[in-house]
Amino acid sequence: MNAIEIRGLSKSFRGLYAVDNLNMTVPVGAIYGFIGENGSGKSTTEKLICGHLVPDKGSIKLFDRKYTNAGVRARVGALIENTGCFPNSSVWDNLMMQAINLGLSDRAGEIDRVLRIVRMEDNAKLKFKKCSLGMKQRIGIAMALLGDPALLILDEPINGLDAEGMKMMREILVDITRQYGCTVLISSHILGELEKIATHYGIIRQGKMLEELTAKDLEGRAKVFTSLKTQNMQGAFGLLRQKFPDVRAEDGYIRIYDVDDTEGIVGLLMQGGFPVREIKKNKIGLEEYYIELMSKKEA
Amino acid sequence: MAQTHELKFENPSFGKRIKGMLGVDFYRLFHTPMFYIFLAIAAIIPAMIVSMTGMAGPDGAATRPLYTNVWNIVAADSPLYIIHDIGQYANMNMVFIFGGIMVSIFIGHDYRSGYVKQLFTTHAKKRDYMISKSLVSAFSMACMCITYLIGGIAGGLFAGLSFNVNVGSLIIAILGKMVMNLGWASLYTFLNVIFRRYFGISVAASFFIGTGIPIIGAAAIIGNNSLLNVFLYGSSVYACLSGNIVTMLVCVVVSAAWTVIYNLLGSLVLARCDVY
Numbered sequence: 001m002n003a004i005e006i007r008g009l010s011k012s013f014r015g016l017y018a019v020d021n022l023n024m025t026v027p028v029g030a031i032y033g034f035i036g037e038n039g040s041g042k043s044t045t046e047k048l049i050c051g052h053l054v055p056d057k058g059s060i061k062l063f064d065r066k067y068t069n070a071g072v073r074a075r076v077g078a079l080i081e082n083t084g085c086f087p088n089s090s091v092w093d094n095l096m097m098q099a100i101n102l103g104l105s106d107r108a109g110e111i112d113r114v115l116r117i118v119r120m121e122d123n124a125k126l127k128f129k130k131c132s133l134g135m136k137q138r139i140g141i142a143m144a145l146l147g148d149p150a151l152l153i154l155d156e157p158i159n160g161l162d163a164e165g166m167k168m169m170r171e172i173l174v175d176i177t178r179q180y181g182c183t184v185l186i187s188s189h190i191l192g193e194l195e196k197i198a199t200h201y202g203i204i205r206q207g208k209m210l211e212e213l214t215a216k217d218l219e220g221r222a223k224v225f226t227s228l229k230t231q232n233m234q235g236a237f238g239l240l241r242q243k244f245p246d247v248r249a250e251d252g253y254i255r256i257y258d259v260d261d262t263e264g265i266v267g268l269l270m271q272g273g274f275p276v277r278e279i280k281k282n283k284i285g286l287e288e289y290y291i292e293l294m295s296k297k298e299a
Numbered sequence: 300m301a302q303t304h305e306l307k308f309e310n311p312s313f314g315k316r317i318k319g320m321l322g323v324d325f326y327r328l329f330h331t332p333m334f335y336i337f338l339a340i341a342a343i344i345p346a347m348i349v350s351m352t353g354m355a356g357p358d359g360a361a362t363r364p365l366y367t368n369v370w371n372i373v374a375a376d377s378p379l380y381i382i383h384d385i386g387q388y389a390n391m392n393m394v395f396i397f398g399g400i401m402v403s404i405f406i407g408h409d410y411r412s413g414y415v416k417q418l419f420t421t422h423a424k425k426r427d428y429m430i431s432k433s434l435v436s437a438f439s440m441a442c443m444c445i446t447y448l449i450g451g452i453a454g455g456l457f458a459g460l461s462f463n464v465n466v467g468s469l470i471i472a473i474l475g476k477m478v479m480n481l482g483w484a485s486l487y488t489f490l491n492v493i494f495r496r497y498f499g500i501s502v503a504a505s506f507f508i509g510t511g512i513p514i515i516g517a518a519a520i521i522g523n524n525s526l527l528n529v530f531l532y533g534s535s536v537y538a539c540l541s542g543n544i545v546t547m548l549v550c551v552v553v554s555a556a557w558t559v560i561y562n563l564l565g566s567l568v569l570a571r572c573d574v575y
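Chains Z and P supply the protein sequences, listed in that same order.
Sequential numbering from 1 applies to the first sequence in our numbering.
Sequential numbering from 300 applies to the second sequence in our numbering.
Check the hints yourself; a few may be wrong.
Unchecked claim - Pairs of lysine-lysine, BS3-like flavour, derived with a Cα cap of 30 angstroms:
no., chain 1, residue 1, chain 2, residue 2
1, P, Lys307, Z, Lys125
2, Z, Lys229, P, Lys318
3, P, Lys424, Z, Lys216
4, Z, Lys136, P, Lys318
5, Z, Lys167, P, Lys424
6, P, Lys424, P, Lys307
7, Z, Lys196, Z, Lys167
8, P, Lys307, Z, Lys66
9, P, Lys307, Z, Lys129
10, Z, Lys223, Z, Lys280
11, Z, Lys136, P, Lys424
12, Z, Lys61, Z, Lys243
13, Z, Lys297, Z, Lys57
14, Z, Lys229, Z, Lys243
15, Z, Lys280, Z, Lys196
16, P, Lys307, Z, Lys127
17, P, Lys315, Z, Lys280
18, P, Lys315, Z, Lys223
19, P, Lys318, Z, Lys208
Source of the hints: derived by calculation from the structure; they are not laboratory data.
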């Protein structure tokens, strides 16, 4: 069973398609990193899933049920754009309203639980408008966690946070996904952070799904490369091009792709009279993979 | 990753859904100072109008009193759609103006804060939203009717006005106007759904409709015609101190009919339009 199954979904605004015949599959239990540049249709897709927007065509199923099914919707938690909190109400009151809305029995206990998860238990009495951006994001996550959600939809939860806030948010997201085991759809620009937690990825561009892959797929497709610097970069580059099939000059380094033989490379350069000043082994991550995919599509 | 969640999806009954939504709306209503401010406004205005009636003007001469009977601040003696002076206009129907503004602010905050998205993420049924808002708004306006009544009586006592009245007709007038609250609340909820992206316009629209100007204007053209009773303002005027059981019946039918119409229209708009 899939947590989210989207087929042929389209949504236009004044004739312009924000989401165009999109297909998407999020397996149950996945942490799905939803990636795309600004305006690619990530947030629109998430809003469509949450029922905030009305699709032009296509189908959305959540856990094999129509997305408007009240039973399945009662177990969806979302943080999209803003937290949906009343600024003059306290953190506690905002959470209480959502707990009442969801018809939870032990409301106070449930609020305490989610506040502990997001490390906000000492700020429950604070008015929402007095909270910092990082705190507001955490409250939004707490709100989404109320009522034991089976599916969490988080739109850019790390955006705008400082380094410390980002670290805390990542830890919270890891806690949620590992300990509470719900399916999570996260969109983020910060691919390095996403890579640390996601099990599946979907790459969207101009409203269309370019590619869906698992973390294992990415691992399999990830190229290994050796990057190095020498005194005579041009000479070394020419020598290496003769020996290896994929050699590139990138970011002030010579990169030799798909070769996992540092000693051989160093030996070859020494023999050629190009002593190595700096050398390191690397692996293409999500960010490089994404950039490469985008440049391929643009080409 | 271990899937620790039980994947059970029980369809919540209409009762459970509406209970949750009403619970939130009442919690919000009682926790917002705005509700108490409007209750106070609803009490102060009739008290001021009644107690200041007949006071001496700047030249020292007593002005012509607006009312000789305190209950005229609640309802007119007879259904007058055409207004000749402020005394004929200033009665419990003013609660519909205060109510319109309050409901617009109350519902407007749902959209401005983004809370409505939280609601619609977990509640797929837009109809629940319309019903809940209409009921809570009607309740808040009914509370305003009560404080209005208290304010009016207090002002009347202060001004020493007459309290003579046909008690049955008075009760029908008060209950009739309170019954009309549901229709008015549904209208305001609908207006706020229509103008959900434009807070100022929704407040202005609610205020304008609440004043009854469209019906007063129509009455100026067609005269004091009972056909105007099919509209909310018409029936609200019809609930007057000469009312009887038919008056009550008209109020119930008209209020219920408009409640259904506005709730259906509002649900339709919400189901077919995007929520921002």
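Which constraints among the numbered hints does this structure fail? Numbers only, ascending. 1, 2, 3, 5, 9, 12, 16, 17, 18 and 19
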